[in-house]
Amino acid sequence: MKQQQIFRSCHVYETFMPLQSNETMMVDPLEELAKLGIYQAIETGFFFEEKNQQRVKEYCEKNNWELTMWATPALLAEQLNLSSLDDSLREKSVARAIEFLDIAKVCGADKIGLPSGDYPGDALCETAKGALYDSLKRIATVALATQPDLQILLEPLDRYAHKKQLIGPIAEAVEWFAPLHAECPNMFFHWDSAHEALGGIDLIESLRLAKPYLSQFHLCNAVVDAEHPMYGDWHMDVGQAPDFKSPGYLTVELGAKVLKEVASWPVTEGCKATFVALEMRSHMGDDMWHKEETARRFLSRCFELAEL
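Numbering (our numbering), first residue to last: 1 to 308.
Note that these hints are calculated values from the structure, not bench results. Any given hint might turn out to be false.
As the list claims (entries may be wrong) - With a straight-line cut-off of 25 angstroms between C-alpha atoms, the simulated DSS-like cross-links for lysine-lysine are:
no. : residue 1 : residue 2
1   : Lys272    : Lys245
2   : Lys57     : Lys105
3   : Lys62     : Lys51
4   : Lys129    : Lys164
5   : Lys163    : Lys129
6   : Lys163    : Lys291
7   : Lys35     : Lys92
8   : Lys35     : Lys57
Model, not experiment: these values are computed from the prediction.
Let the sequences and hints guide you as you build the complete structure.
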């Protein structure tokens, strides 16, 4: 089978996270990222100032970037939850997510990522999943009617390790998601290696389960030893070139294995291409451009080892 080309994305929100409180400063790095000439996509949070929305759109159009906008930070900041069992809160959450569709359109976004909400415990799990199904269906239906090319992404996260989200274990997530995708063909998965590693599942096995719905993915490092003080999904560093040694599970060899697996498939039906970013967070006081360079070099080494 002919290999597909996997395109590179920069997770701007994570790489430049110390700037998150200043929209204008969060947009500014796009000019330098464009000069690198290596990325085909970017991932951001949401921008609420019109001048910044227009700047993002112009950068994406000029550089032919795919744009994924993650609604998770904004929804969490507003204490909203698409799987809430409080009807009033859930209605407010759905309405806000639909408002985000309009912002995504102004910015020229290709994808919008939504969170599933916190895991409410075993007794309420199925009820919450039903609520989330209804929420996402309503949002996706509006998107399909108004922006038919816009993808709605859901990221299965870890349920028991750190983030403790409703949609977690991949086999269960796929079984639940299949009928939703059938009803809403604009809904896809975003897959994250750290959450699967923290869930204790083999990454290639997990990928193959997610395959029918995969739009994009992250390579993300994490410490998976529950006894280690750095345990959890902290979007941690991958170490430095050339060895890229760290306390986490992610190596360039493992990253290459993931890339090679995905490249061996055809592009998911309904998607134009598959995109990957290394998700690594900058903290206050960090050299953010050094983080970007480290992520870029790590990802490039993975591509080299995968012979892509």
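The hints, checked one at a time:
| no. | hint | result |
| --- | --- | --- |
| 1 | Lys272 - Lys245 | violated (34 angstroms) |
| 2 | Lys57 - Lys105 | holds (9 angstroms) |
| 3 | Lys62 - Lys51 | holds (16 angstroms) |
| 4 | Lys129 - Lys164 | holds (14 angstroms) |
| 5 | Lys163 - Lys129 | holds (17 angstroms) |
| 6 | Lys163 - Lys291 | holds (23 angstroms) |
| 7 | Lys35 - Lys92 | violated (41 angstroms) |
| 8 | Lys35 - Lys57 | holds (17 angstroms) |
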